[in-house]
Structure formats: structure tokens, C-alpha cells
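Here is what each chain is made of, one letter per residue.
2 protein chains.
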Amino acid sequence: MKAKLVLLALGHFAVFAFLTAAGCNRQPAAPAATVPPTAVEQAAAALPSWNDGKAKQAIVNFVARVTKEDSPDFVSPAERIATFDNDGTLWAEQPLYVQFLFAIDRVKALAPQHPEWKDKEPFASLLKGDLNGVLAAGEHSLMAIVASTHSGLTTEEFEKVAKDWIATARHPKTGRLYAEMAYQPMLELLAYLRTNGFRTFIVSGGGIEFMRAFAEQVYGVPPEQVIGSSGKLKFGLRDGTPVLVKVPEIEFIDDKDGKPVAIQKFIGRRPIAAFGNSDGDLQMLQWTAAGTGTRFCLYVHHTDAEREWAYDRQSSIGRLDKGLDEAQAKGWTVVDIKQDWKSIFPPARRGQASNARRPPP
Amino acid sequence: MKAKLVLLALGHFAVFAFLTAAGCNRQPAAPAATVPPTAVEQAAAALPSWNDGKAKQAIVNFVARVTKEDSPDFVSPAERIATFDNDGTLWAEQPLYVQFLFAIDRVKALAPQHPEWKDKEPFASLLKGDLNGVLAAGEHSLMAIVASTHSGLTTEEFEKVAKDWIATARHPKTGRLYAEMAYQPMLELLAYLRTNGFRTFIVSGGGIEFMRAFAEQVYGVPPEQVIGSSGKLKFGLRDGTPVLVKVPEIEFIDDKDGKPVAIQKFIGRRPIAAFGNSDGDLQMLQWTAAGTGTRFCLYVHHTDAEREWAYDRQSSIGRLDKGLDEAQAKGWTVVDIKQDWKSIFPPARRGQASNARRPPP
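The listed protein sequences derive, respectively, from chains X and Y.
Read in the working numbering, the first sequence has 22 at position 27, and its numbers run on one by one without any break.
Read in the working numbering, the second sequence has 49 at position 54, and its numbers run on one by one without any break.
Derived from the structure by calculation, the hints contain no laboratory data.
Treat the hints with care, as some may be off.
[As the list claims (entries may be wrong)] Computed list of lysine to aspartate or glutamate pairs in EDC-like fashion (alpha-carbon distance at most 20 Å, straight line):
hint	chain 1	residue 1	chain 2	residue 2
1	Y	K251	X	E246
2	Y	K155	X	E74
3	X	K229	Y	E246
4	X	K158	Y	D252
5	X	K155	Y	E74
6	X	K229	Y	D234
7	X	K227	Y	D252
8	Y	K229	X	D252
9	X	K227	Y	E244
10	Y	K325	X	D234
11	Y	K227	X	D252
12	X	K251	Y	E246
13	Y	K158	X	E74
14	Y	K227	X	E244
15	X	K325	Y	D234
16	X	K227	Y	E246
17	Y	K229	X	E246
18	Y	K227	X	E246
Could you build the full structure based on these sequences and the hints that come with them?
Here it is as C-alpha cells:
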């Protein structure tokens, strides 16, 4: 799905020094006194994992403005569309995109049915744990992995495979379930926006069918509000029953320019708020910011090497370079994870470490 | 958008003899006594333009079953997805698809800026009112018309053009506004389903941006629940402002096999009810029917030459041939317009005839 990103990603596992981020809203922040006390109180209760600071204040001010009926900035609930990138914005994307880890596990699971893979690249390298060997074969090899692991299945078969994996697979570094690698402050933000009449959409480079397998359970975002990259589907009959089969052909990459295009196609309304963490989200934020009325754009800046990862301008995964400049120039809100987030991940379920496939660091 | 359909359509304006349709539900109809009186009463009030008969009874039985909490057929509101074709199912499609009439009017409106069209096909024929001449130039000529009238505009410019047209243009035969060519019984059905916790989606071969320009006003269906054929969009800057521009390239045809594919892509859930009127809707109904649990499939059969049009197996617009056979074989509900609909169109606004571009018949 995201061959180019994944290709780049595999080349650079290192994480990079963090930069301090300046956070501010596009619209001058209203004095705190103009925000009704109820909104402040509601936000304090709804966003416990956010430290008090510019980012939280900008969010609360924005929500208060667009939901106050007698405000000139009032937006009807139907137009309260908020779009979120997934990888690096709602859950961790280091050291590799989760979907690629899924594809690697699929190759391993399917290997017994494919004895020929032992001598065939990129599978041979991957099965030996040699990711550099996979990379050496180039983009074509990554497409072969995605094609072999994501296609040929019906949409229902794929959903089951993805759901089963998400329910049991664990992060290579933390040993947590992937659902536990979602960012607690962002889970609170999603719920806070929904409580205030927003509809929250995911608009991400990840595969649409893959993300739908967990988005409702993890984020409370139903399938029809998940937009992603997609492979082609083919309608046909299997034993007389209509099925949709995934075929190994990329249809759409929901990244960069693709994000506003997908928003227009799937939603048909311009978001009033957009949330991302990389240059791949920049066009979505630009499109959102360019609408009339009050708009809110936010970048999550990964600045916390201790509790999560620190990376931005030089990272091959989730590079935030042009976006950081534009956020600063336009006064978008930038979350400095180290400063703004009281906690990063939700509490882990019991027994996580003992089930970890790879030992935690 | 629908070049092939339109091509066929232009070749055959005649309407054909009607067939009597047998209507029945896929699941054996529950005895009337099992339907709570409240549901029957609610339906009587909600569906005043439907005659009492098999079709109305099948609708009411289905809704009662899936909404009754202690019923084994109960379906949670989140899964109550109903998909509707547009042309011929929600509004009239004779003598030509409305969107093609829109494109013709666009050529006329743009002609002063294109003096070269006077000598260039298919525009020359079209401007002389010679639709057969347009046809003679083949599919390519129709694509040229669509490209010249739908593309180059930003999505916002196109929306305005389409909304302005829909607000003023009138049907060539009846002199009615197109909003008044919607089927009153189907408007009632849409509202009845929504009252019962359904979300109603349009899944149609028409252009997605064109349909969104009127779907909320006419049908109460918001943009994010309208799925259709699409041309490509290009993201870019105009005078420093981000825009999405329609480019003359077809991206997706939402017809036949395309309908279940689009449903999966946009909604990610299988509908529990689907409504169509032509063979182009068959795969959507098959996909809907093949799900587990109680399902409802309905074909609108155009049998009323006097009050509307009568056409089915031989029609080049909205041909219903294989679909009619399959509906009968599988016991899907078939609406016989002549028998089942008390009235066809909503009351017309005053002054319609005097504003008609072409005299009513």
C-alpha cells in the first residue's frame, strides 16, 4: 500500500534528535475569560492526559468557539468534520509501520504453504530475518510481499486475518498489543470532539481494510469513517456466493495530495479540523485551513525519545520537515509530546511482557 | 461519467410495454398478526403514497423485524445500512438521464465562449439540437461533452454550477423542476427508514459531485452518504489557495460490479437493504442479499405509461431484464408502480408550466 514510504522506512531505523516545537493556533487565541467555564471544566475532565499548555488551550478554545450557538464562529454539527492521520498521529509508527509488521508476520504464517519462498526473494531474506536483503530487491519486492499477503483473500477473510493479528500481535520494542500503542491523549481528544458533536474520520496512508479491522475497537471510529489507501477489489461468485476479492493492484494512495482528494471523494465536505504528524499530512492540513470560518490544524511533533521516539526533519518514517515550517509560519498548533502529554500510552493489559514475541528493550 | 449507458440511451427513446411484476420478500412474509400494531400504524402514517399491497407489506414487515429488540432478526442501528440507486429508483430517468440534460445545457451555456464549437463535433450537432448527430460521433464525442462541461472547474465552482442548474432547470416533458421529478413514495420510504434508525445511502452510476449538489435538499441524504461515479481530482494551488480541480479522466464507474465494490470501499459494511430499478443494480442487490441475517432487496418496476413511463427488458435506459428474473427467482420485492404507488411525484410548485423551457406534452 505504502510502498515508497515503507521502502524509505526500512532504510533508516535510527531515530533522530528532537526539536523544540512552538505551538499556537491559526486564529489568535481568545482570552481565557471568553471561554465558558463549563467548556474549560469539561475539557479538564475529558483531556486528563494533556498538560495545561498552549496546545490544550488551543484545542479547548477552538471547540468552545465552534459549538457555542450564539458565537459568530458557530458550526452546525453536520459540518463538524475532524480528520486524523493514523500512523504517528493516533498510534506509534516506529520502528516500522504496523501494517508492514503485519505483512511480515503474514509471510511467516504463509511460508509452510509456499516452500518455494525459501529460495525466492524477497521472501527468503524476510524469512531469515534479513530486512536489508528484502530492501535490496527494491520496491518491486515490497509490492510482492503486500500482494502475497493482502490479496487473493475475500474482504471478509482479510478482515478476520487482520482482526486476529491485531488481537494477539505485540510491538517489537514494547511488547504491548498494538491497541495499547495508541496515544492516550489522542484517544481522549477523539472522544472529546465526539462529545462536542464532531464526527471523527481517519484519513491515513494505511490500508483502508486493514485500519477498519481495528479502528472501531481502538478509536471508536466506525468503518464508514475510515479512509485509506486501497488495492483493487473484484466482485465475483465463489461457489455461487457473491464475494469481493482483493487483487494485487494498487488503486489509490491516500497520502500527500491524495488526502484532500480522498476527503472530497469520501466525505464531500471540507474538514474544520485536521490532525497529522508528517509531511504526508500537509496537504490535508492546507486544504482544511483554506476553508472559510474558524479552522483548526494540529501537528503531533515526536519530541520524546524517552517515553516514545524523537524524530522529525530527517526521519524516513513520519518525516516532519516542510510541515513543521508551515505550521510555524501559519500558527498551526504543534503538540510537543514531551511537554504536552502527561502520559503517552493507555495502561497495558496484564501479562503483556510474557507474551511478547521479542523481549522488550 | 456514464458514457456507455448514455450512448445506449440516446439511441432508443421509445418506451416499451410493461410486464406484470410479482412482488414478494426474500424471507417468507411473517403473518400480519406478528407485526406490532404500532409498526403498522407508523407505516400507514409514514407511507401515505403507497397502496396497501405486497410491496408495502414486505417493507413494513422487514423494518418491524430488524428494529424489534427482542426479535432474533434485530439489527443494531449501526448496521442498518440501506443503499439506493438514484436514476429510475429515486427520481425519473426518462427520456434521458438528468445529468446528460445538464451536460447539454452546459454546452449551450458555454457556447459563446467557444465559437469554434459551431464547426466542431459533437458540439455543432448538439447546438443545432441534433442528438442523433452527437451520437454518430460515437462514445468519444460524449466523453468530449462531459469533459468540456464537467472538468477544469474546481469542486466548489462545479457545485455552484450544478446547484444553480438544479434550482432552475425543468424536465423536457413535464416542465417540472427536477427536484419535483423525485418519486414521492420513495421520499416517504427514505424518511421512514431513517425514522427507524437506518442510514440511507445513494449508490448510483451518476456523478458523485453532481448528485451531492442536490441529494441533501431533495432526498435528505448528506454528501458523505452519496456514492457515485467519479472523475479524477487534482490538488493544487490557484493564486496561493489550495483547490481541487476536476480533470477530464474517468476514475470509477459506479455501476454493476462497481456498486458492491464502491459500497465496500466507502461504507465498509454490507447493506441490509438495497433498492434499485435496473440490471445495473443487480450486483448491489446480490451482495446485499448474500449477507447473513434478514435482508431486503427491492426493485422498482416502471409499469405506468400513463403517470410516468413503462419500460423494462428492452429499454436502453434503466433496462430491467436479468434483474427481474432474479428478483422473481429469489423472491425479492418488486414494486409495480401502477399498482403500488398511489401518487408518483410530489406536488409541483406553482408556476411550473409557464417557466417550462419546452412545452409539456
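Here is what the structure says about each hint:
1. K251(Y) - E246(X): Holds, at roughly 19 Å.
2. K155(Y) - E74(X): holds (18 Å)
3. K229(X) - E246(Y): holds (16 Å)
4. K158(X) - D252(Y): violated (27 Å)
5. K155(X) - E74(Y): holds (18 Å)
6. K229(X) - D234(Y): violated (41 Å)
7. K227(X) - D252(Y): holds (12 Å)
8. K229(Y) - D252(X): Since the Cα atoms of K229(Y) and D252(X) sit roughly 8 Å apart, the hinted pair holds (cutoff 20 Å).
9. K227(X) - E244(Y): Holds: K227(X) and E244(Y) sit about 18 Å apart, inside 20 Å.
10. K325(Y) - D234(X): holds (17 Å)
11. K227(Y) - D252(X): holds (12 Å)
12. K251(X) - E246(Y): holds (19 Å)
13. K158(Y) - E74(X): holds (19 Å)
14. K227(Y) - E244(X): holds (18 Å)
15. K325(X) - D234(Y): holds (17 Å)
16. K227(X) - E246(Y): The given pair, whose Cα atoms are some 12 Å apart, holds under the 20 Å limit.
17. K229(Y) - E246(X): holds (16 Å)
18. K227(Y) - E246(X): Roughly 12 Å separates the two Cα atoms, so the pair holds.
Hint check: violations occur at hints 4 and 6; the rest are consistent with the structure.
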